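Produce the entire structure from the sequences given, and follow the hints as far as they go.
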Amino acid sequence: MENNTKKHEGDLHETQHISSYKQHFSTLVALLLLTVVTVAISVFGANLRTLSVATALLIATVKVIVVAYYFMHLKYDHKLYTWLIMIVGLLFVVFTALTSIEYFNR
Amino acid sequence: MEHASGFVLPNSGHNRDAEASKMGMWLFLFTEILLFGGLFIVYMVYRMINSEAFLLSSFELNVTMGTINTVVLLVSSMTIAMSITAIQKGNTRLSVNLLFLTLAAALIFMIIKYFEWSAKIHHGLFPGMEYYENLPKGEGLFFYLYFFMTGLHALHIIIGAIIIAVVIYRTKKGLITPERYTLTENAGLYWHLVDLIWIYLFPLFYLIH
Numbered sequence: 001m002e003n004n005t006k007k008h009e010g011d012l013h014e015t016q017h018i019s020s021y022k023q024h025f026s027t028l029v030a031l032l033l034l035t036v037v038t039v040a041i042s043v044f045g046a047n048l049r050t051l052s053v054a055t056a057l058l059i060a061t062v063k064v065i066v067v068a069y070y071f072m073h074l075k076y077d078h079k080l081y082t083w084l085i086m087i088v089g090l091l092f093v094v095f096t097a098l099t100s101i102e103y104f105n106r
Numbered sequence: 107m108e109h110a111s112g113f114v115l116p117n118s119g120h121n122r123d124a125e126a127s128k129m130g131m132w133l134f135l136f137t138e139i140l141l142f143g144g145l146f147i148v149y150m151v152y153r154m155i156n157s158e159a160f161l162l163s164s165f166e167l168n169v170t171m172g173t174i175n176t177v178v179l180l181v182s183s184m185t186i187a188m189s190i191t192a193i194q195k196g197n198t199r200l201s202v203n204l205l206f207l208t209l210a211a212a213l214i215f216m217i218i219k220y221f222e223w224s225a226k227i228h229h230g231l232f233p234g235m236e237y238y239e240n241l242p243k244g245e246g247l248f249f250y251l252y253f254f255m256t257g258l259h260a261l262h263i264i265i266g267a268i269i270i271a272v273v274i275y276r277t278k279k280g281l282i283t284p285e286r287y288t289l290t291e292n293a294g295l296y297w298h299l300v301d302l303i304w305i306y307l308f309p310l311f312y313l314i315h
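Taken in order, these protein sequences are the chains called A and B. For what it's worth, our numbering labels the leading residue of the first sequence as 1, then goes sequentially. For what it's worth, our numbering labels the leading residue of the second sequence as 107, then goes sequentially.
There could be a bad hint or two in this list.
[As the list claims (entries may be wrong)] What follows is a set of in silico ranges between Cβ atoms, one per label pair, in the way DEER data are often shown:
hint, chain 1, residue 1, chain 2, residue 2, range
1, B, V169, A, A54, 14 to 24 Å
2, B, G257, A, L98, 22 to 32 Å
3, B, N197, A, A54, 39 to 49 Å
4, A, F44, B, I174, 34 to 44 Å
5, B, G257, A, K79, 32 to 42 Å
6, B, N203, A, T99, 41 to 51 Å
7, A, A97, B, N203, 25 to 35 Å
8, A, I18, B, N240, 55 to 65 Å
9, A, L58, B, L140, 18 to 28 Å
10, A, K79, B, K243, 17 to 27 Å
11, A, L91, B, E236, 40 to 50 Å
12, B, V148, A, L58, 20 to 30 Å
[As the list claims (entries may be wrong)] Some residues of chain B that are not near chain A, with every Cβ distance over 12 Å (derived):
hint, residue
13, F136
14, G144
15, E166
16, I214
17, I217
18, E222
19, G294
[What the hints assert, rightly or not] With a straight-line Cα cutoff of 20 Å, these simulated SDA-like cross-link-like pairs (lysine to any residue) come out:
hint, chain 1, residue 1, chain 2, residue 2
20, A, K75, B, H262
21, B, K128, A, I85
22, B, K195, A, Y21
23, B, K278, B, F206
24, A, K22, B, T191
25, B, K195, A, D77
26, A, K79, B, K195
Please keep in mind that the hints were generated in silico from the structure rather than gathered at the bench. As the structure is a prediction and not an experimental result, all values here were calculated from the model. A virtual CB, placed ideally from N, CA and C, is assigned to each residue, including glycine.
Have a look at this one:
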């Protein structure tokens, strides 16, 4: 395409995807709904103790993925970023798992 | 661009690389994730050892204030994301206004945090205070971790606010333009990370009981 020629080598902005205001607003609404759910479970479901720990962390993880995917623009970035983040996440999960295994085998 | 001496580097003014700057920012964010990750593991282990004490202590925290701060941070994440959209579309003025909104959110967060911390300190729950020293060991640990982790997070809010202020200044001076807005993007990434950490801190300290 003609209009794809860049001024400089490093000028990647011109070909970048622009997220719409509407999309950002929808993302916020989704995040607020998830917050309402997680607070509601904690306040009204206090007797489901183990369940509430698991669901709270699960909902938090969903929120983190939504923020990273839309607000942090990962959806439209090079896939390399997603892979790197997954490696860092895996590293954390491995550390956590090893620590737990050590703890439970005392 | 011309140097006073007349000497000009072969690629003067052409050596910026938006993609590499972004990658650099992400690599820095990874170190931040692992910093807080280590603290989360410490929290997990102490919680397993003192589950009853942690449960009891978590009722001391104010869920309403924590929820308000969660909403404030989520909204500020949206405003800074929109600010990037605005500068990409060439609307510099809107971009600056949205950055000011983000800054206002940071201020609201810190004010609420101030009231929360003051209430806890008023009750003598800060490590080193007399009441704190007489708490059962597990409850002491909970408040130690609470102050350390939310304190480190609050420090990140302050640093983020300073970075946003710099972005506002540079946008107003015309140093950040619709063609060149890497700093706005990187400030956004940092701010989102601060939000991400709070998304985990909030349920772990305030909600899990």
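Could you tell me which of the hints above the structure violates, numbers in ascending order?
4, 7, 10, 13, 14, 19, 20 and 26
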